[in-house]
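Chemist: With chain A held as given, fit chain B onto it using these hints.
The listed protein sequences derive, respectively, from chains A and B.
Residues in the first sequence are numbered from 43 upward in steps of one, following this note's numbering.
Residues in the second sequence are numbered from 43 upward in steps of one, following this note's numbering.
These aren't lab readings, by the way, just hints derived from the structure by calculation.
Some hints could be false.
No copy labels: a pair is met if it fits in one copy or bridges any two.
Below, in silico cross-link-like pairs of lysine to any residue (SDA-like), each with a Cα-Cα straight-line distance of 20 angstroms or less [to be verified]:
no.	residue 1	residue 2
1	Lys51	Ile178
2	Lys179	Gln44
3	Lys65	Gly154
4	Lys196	Gly154
5	Lys179	Ala151
6	Lys107	Asp92
7	Lys195	Gln170
8	Lys51	Met140
9	Lys48	Ile80
10	Lys65	Lys162
11	Lys48	Pro180
12	Lys195	Ala153
13	Lys65	Asp104
There are 2 protein chains.
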Amino acid sequence: MQEHEKFIKEAIRLAKENVPSGKGGPFGALVVRNGEIIGRGVNHVIANNDPTAHAEVMAIRDACKNIGHYQLQNCIIYSSCEPCPMCLGAIYWTRPKMLVFAAENTDAAKAGFDDSYIYKQINLSFDQRDLPTVNIKPDSFFLPFQTWIDWEKKQPY
Amino acid sequence: MQEHEKFIKEAIRLAKENVPSGKGGPFGALVVRNGEIIGRGVNHVIANNDPTAHAEVMAIRDACKNIGHYQLQNCIIYSSCEPCPMCLGAIYWTRPKMLVFAAENTDAAKAGFDDSYIYKQINLSFDQRDLPTVNIKPDSFFLPFQTWIDWEKKQPY
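This is chain A alone, in the form it adopts within the complex:
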C-alpha cells in the first residue's frame, strides 16, 4: 500500500504541474511494472488538439512505445483521477493487472469535469442515445472481416 501511495502521489504531482503548462486539464497518470515507472502521461488535449490525449491514454501510449508492445500485462496503471469511459476502455484493451486512482468522478465534477453523462450514454443501446446513430449495412459490410478471417498471415491482437 505504501508503494501504491508513492506512485499515486507522483501521478497527482504530474496532474498539478500540468495546469500552468496550459497543455490540458489537471490530470496525470503512470504505468508501473515491477516497481518501475515505464510510462508517464498528462492531459494534452489543448496542446495537441487531440481529444483522445487524456492522461491515461498518454501514459499507455508512452509505456507501449517504451516496451515495444501494445499490451501492458503485469503492469499497474496509476491515475490522479477515476478514468473516463474512453480511458477505461483503453485500460481494458491493454490488460494491466491493476488500476489505482485518487480523485473520484464526483471530485472531478466539482472542477467542471463530468464524465457521468458519457458513462450513462454508453450504457444505452445506440437507438436510445442522444448522439444520432444510424446503422447502414451495404452488401460489403462483412468483407473486411472475411478478408481478416481468410488472411493467413494475421497476427491476432
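Modeler: Chain B alone, transformed into the frame defined by chain A:
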C-alpha cells in the same frame, strides 16, 4: 441516405485494405464535414504498438489535426463497425452531430473481435469489475483540481 452509403462504403473499403497491410485489424473510419472527408483512420494497433490506435480514434486524431481543433462539431463519423467503448467515449468527447456504422458488434465477434465484455465491465462499479481497482486518496488528491479552479488563464475544454 445515399451520401451516408457512399461514405460508409469508403470506410469499409479502408477497413478491407488495411488487412493485408499488416498494420492492424479490419477496421476503417472517416470524419466528414459538409460532405467533405476531413479525417481518415484505420486500425494501427500492431504497426504503432498503440492499443488506442483504433480506426475511429485515428480518424478523430487526423481530423482534429487537419482542422486545428479538439472538437468535431457539425461532423459525421463513419465507421466500418460499431465502435468499442473506448472509441465511443472518444466520439462523445469530440461532440459530432452523428455516427454512422456498418457491421454490428455481433458481426465483429464472428471474426474474433468481441467488445461486449468491455461494455459489460464499464457498466459496473469499480469494486465489481474483474480489473482489480483501488481508490487511494492522499491529502493532495484535490490539489490538481484546486489549482485548475484557481488558475485564471485556464481554457475550459
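Chemist: Checked against the structure, which of the hints given earlier come out wrong?
Modeler: Checked against the structure, the hints that fail are numbers 7, 10, while the rest are satisfied.
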